[in-house]
Structure formats: C-alpha cells, structure tokens
Amino acid sequence: MPRLLLRPVPTDEPDGPAARQTAKANAAPGGDGDQPGSVLRLTFDSGSAQVRVVLSKVSTHLTAAGLGSSELGTIELALAEALNNVVEHAYPDDMQGRIDLHLHLTSVSLKIHISDRGGAMPGLNLPPGEPARVDVPSKDLPEGGFGWFLIRSLASDLTYARDNGQNHLTLRFDLARTG
Amino acid sequence: MELISHQISDTQVITVKGARIDASVAIQFKDRMREITAPMDGRIVLDLQNVAFIDSSGLGAIVAAMKQLAAHQKLDLAGLTPTVDKVFRLTRMDTIFAIFPDAQTAAASRAN
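Read top to bottom, the protein sequences are chains G and W. FYI, the numbering used here numbers position 177 of the first sequence as 177, with every residue one higher than the one before it. FYI, the numbering used here numbers position 61 of the second sequence as 61, with every residue one higher than the one before it.
Hints in this document: simulated from the structure, not taken from any laboratory. All the pointers check out, no bait thrown in.
Stretches of chain W that chain G covers, calculated by requiring three or more beta carbons in the stretch to come under 8 angstroms of a beta carbon on chain G:
| hint | segment |
| --- | --- |
| 1 | 17-23 |
| 2 | 54-67 |
| 3 | 88-101 |
Computed spacing ranges between beta-carbons, pair by pair:
| hint | chain 1 | residue 1 | chain 2 | residue 2 | range |
| --- | --- | --- | --- | --- | --- |
| 4 | W | 71 | G | 165 | 47 to 57 angstroms |
| 5 | G | 120 | W | 7 | 47 to 57 angstroms |
| 6 | W | 7 | G | 172 | 47 to 57 angstroms |
| 7 | W | 89 | G | 137 | 17 to 27 angstroms |
| 8 | W | 50 | G | 123 | 33 to 43 angstroms |
| 9 | W | 27 | G | 156 | 25 to 35 angstroms |
| 10 | G | 71 | W | 28 | 24 to 34 angstroms |
Predicted, not measured: the structure shown is a model, and the values here were computed from it. The C-beta atom is built at its ideal place from N, Cα and C for all residues, glycine as well.
Hey, can you work out the whole structure from these sequences and the hints?
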C-alpha cells in the first residue's frame, strides 16, 4: 500500500495582493460562491500509484470549486504529465523522494506549484516539447516523448527554477470566466 | 486493467475494462494487448468507452500495441471519451488510427 501523506495545511502567507486573494485553510469545497481563492497542499512520495491518488484529490477539489469537465480534463492531463516527469526523471529507478504540490485557485486562474528534491532538469531548462512526428512509417512511430509537448499545449504558462537543491515547476491555467 | 474480447461479424472488439491507461498500468496494458491480439485475424477494434483518462504513457502503449501487430492485422479505435480524444488530437495521433464513435459503428464500417 503506497504511503501517502495528504496534509491540507493552513497557509498563512498571502499569495499576491492580499486584498484580492485570501488563502483559505483546508480549501473547504462548496459553499461560498464568492470565495476569492482556495489553496490545497499535498505532500506525497514519488510513485505512479501516488500520482493517481493526487490527481484524484485535485480533481475532486476542482470539481467542488465548480470547474467544468473540459477544463478539468486539461488540468488533470497537464498535471499528470508534470508529475510523471518528476517520478521518472527527478527520482529515477524507484528512487524514493518527496513531492510537494501547492495548488492555488482563484476565479481567473489556477496555479499549481510542484517541488521536489530530485535531480535537476538537464541544462536547468524546460524541455522544448517538440510535437511528435506522425508522418513516418508505422514502425517508426514514437511511443513516448509526448509529455512536455502536452504540458505546453495545455497550460497557459509554465516556469521552472532550481533553488537550493529543489526543483520548482509552476503550471498556470487561465480559466474561462463563468457568469 | 482487464481486456475483454468479443466478435462483431468479422471484427474482433477488445474492450478495456479499466478507467485509466496511465503510467501505472501502461506496460501491463501493452503486454496484455500483445497476448490478446496475437491469435487474432484481420480487423481489431480497441473499445475505449470505459476509459476516462489516458496520459502520454497510455498513448505510447496504444501506439506500441498497434506496432506489435502483424501485417495482416489492423487496429482501429472506438469510443474515445473527451480527455482521451484530446490526447490523440493534440499529438495528432488521431491521424494514425481510424477512430469511430463506438464499436458497433467501427464493426459496421468497411475496413480500408
């Protein structure tokens, strides 16, 4: 059974102009339609089983916050690719490591910050994420390497930084206005 | 991750019973597809109506399953749900496979 720590943590630091965005402890779903922002923090061990659980928790949180199914699909897919990348490359060969996820949702955007203490991105740069070559003979079709292209196609913005032995990846999704 | 096959006229339909083809099951899916398709003849349709989500590992496994086939076998897809369809469209892998709304329509269509 994968060991999974899920700790919705009360946050006491305002993220951005404090007047507009209030970070809510425990990111309670439902209820207040005027809620200016909600935060979800998760900490978990690197592994594909754990990634599944995290994606489910994030989807539940965002569904409760009223995001539509198409946006949810986009976000889940980009997040899956980003987390899979940490599992496969930052902590390779079943190396154990911790991954921290910090999600901040407002009425106009969703930011997901993923940090880990694994190996750095080669060249300390985000991969360009070229599209897959599909105009090739069937036997030469790629079976991988789609991840960064998908992330870049789905997220509105993407940043990476390496600081003090930690990787910091932030995905931003600009949300469709409702109402 | 279970794969079940049945026949509709001269088409073999493989239905995926799991909801996700992702990094945690991609290799099992590819291996299971190799086993189940090995004795099949002709047209094979992979029915993904139960699959709510695939990631790039899942896409890669589906492509690998197709590449594993013999020359006399052809793999088409059916029942792509919205996120699965999104993955195929974004990567342009929807140009590689014939894609049908459901297994019945796939079986009824003429093989190219």
